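**Student:** The chain contents come next:
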Amino acid sequence: MVEALGSVSVTKLQKVLYLADLEHHALTGTTMTGARWVRYTHGPMAKALLPSTQVMDGHEIEVSNEPVGPYDARVYRPGPAPRFRPNLAPEEKATLDRILALVGQLTTKDVIALAYNTAPMRLLQRIEGETGQIQLDVEIPFELDEATIADVASPEPAADVAAVVAFKRRERERVRDLQEAAVARASR
Amino acid sequence: MIAPGAVFEIPAPLADPPQQARNPNAPARARRWVLVVSNKADCRDRFLETNVVVLLSAQTEYAYRHDVLIRRPDGGIERDSIAQTDLVFVVEKVELTADRLRGTVMADTLRQVRAKLAETLGISPGA
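Going line by line, the protein sequences match chains E and G.
Using my numbering, you'd call the opening residue of the first sequence number 1 and step up by one each time.
Using my numbering, you'd call the opening residue of the second sequence number 1 and step up by one each time.
Read the hints as simulated data drawn from the structure, not as lab findings.
One or more of the hints may lead you astray.
What the hints assert, rightly or not - Taking CB as the label site, the calculated pair distances span: (1) Pro11/G <-> Asp97/E: 24 to 34 Å; (2) Ala98/G <-> Arg188/E: 15 to 25 Å; (3) Arg85/E <-> Pro11/G: 37 to 47 Å; (4) Ala98/G <-> Arg74/E: 35 to 45 Å; (5) Ala12/G <-> Gly58/E: 53 to 63 Å; (6) Phe47/G <-> Arg188/E: 15 to 25 Å; (7) Glu173/E <-> Arg72/G: 24 to 34 Å; (8) Gly58/E <-> Asp80/G: 33 to 43 Å.
Said to hold, decoys possible - In silico SDA-like links for lysine to any residue, alpha-carbon gap of 25 Å or less: (9) Lys40/G <-> Pro4/G; (10) Lys93/E <-> Ala48/E; (11) Lys47/E <-> Leu123/E; (12) Lys93/E <-> Pro80/E; (13) Lys109/E <-> Arg72/G; (14) Lys109/E <-> Leu49/E; (15) Lys168/E <-> Leu69/G; (16) Lys40/G <-> Asp97/E; (17) Lys93/G <-> Arg176/E; (18) Lys109/E <-> Glu66/E; (19) Lys47/E <-> Ala89/E; (20) Lys109/E <-> Pro73/G; (21) Lys168/E <-> Tyr64/G; (22) Lys109/E <-> Arg102/G; (23) Lys40/G <-> Pro90/E; (24) Lys168/E <-> Arg72/G; (25) Lys168/E <-> Arg31/G; (26) Lys109/E <-> Glu156/E; (27) Lys40/G <-> Thr28/E; (28) Lys47/E <-> Tyr71/E; (29) Lys93/E <-> Phe142/E; (30) Lys168/E <-> Asp86/G; (31) Lys93/E <-> Val10/E; (32) Lys93/E <-> Arg83/E; (33) Lys109/E <-> Gln59/G.
Said to hold, decoys possible - Every beta carbon over 10 Å from chain E, so not counted as near; a handful from chain G, in silico: (34) Met1; (35) Ile2; (36) Ala3; (37) Ala41; (38) Arg46; (39) Val52; (40) Thr97.
Keep in mind the model is a prediction, meaning the values are calculated, not measured.
Note that the Cβ used here is the ideal one computed from N, Cα and C, for glycine as well.
Required output: the full structure, derived from the provided sequences and hints.
**Tutor:** Given below as structure tokens:
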């Protein structure tokens, strides 16, 4: 993954892995890493990742501390002397390639935003909103029932109801236009 | 390729004619983006001419309880958008062409949209 991304901060790498694990879980029922994901300061984090990167440092990856924005961050780059190559199943590689294509060029901030918008993180944010307490170190639940997902999927309404009604009215007109246009084309 | 979670851009001219027929001074319509929510079999069935889609909007400030937030660039969208599960309709497959395909949302995003759709339709547990 570090090879594909070139250089990547630990924060971004964690979010990319989280999105890949969640994608794989949604498609197959299992994660790729088998890691336990917890909610940390900047979103999802797998603590198991940290010791394994220490073992790979100087071989598969190179780890350095560099300024990223206003902070110093741990940055990973492809290492000089890899001892092994990951042996991914075709469906794992497909998932990883898909997520890398989606987020590879994004800033860390944008990847964090994507991670926060997933159903498990939306649930934790809902709990945080209700309890007023950040759920630090709480396990991120990948197994969610449909009713829970539906319950947390909508953002908090920001506009007043009258504005929403007017907006929805305009949107319904657009749907009608699209449908009538399609019917007109089909009956030509 | 049409698949569950695929996002298509419907160009403006495809939404214009009937409305302009009723009102010659009607404003031009902008392009619209839709998200395919049909199941895999229905997407692939050559004898089924339509797929079910939900309408997307980048006006996220109007999000209400039927809407699911999609962050850019998930599904190839250019701006953060809402998938409106109270605005569901069918689109003919011939209009969902490769050149209008913009991407496919993450599995988790599609799951959120379908869960919200099930709630909207009253077919989710407890609805």
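**Student:** Could you check the structure against the hints above and give me the numbers of any it violates, in ascending order?
**Tutor:** Structure breaks no hint.
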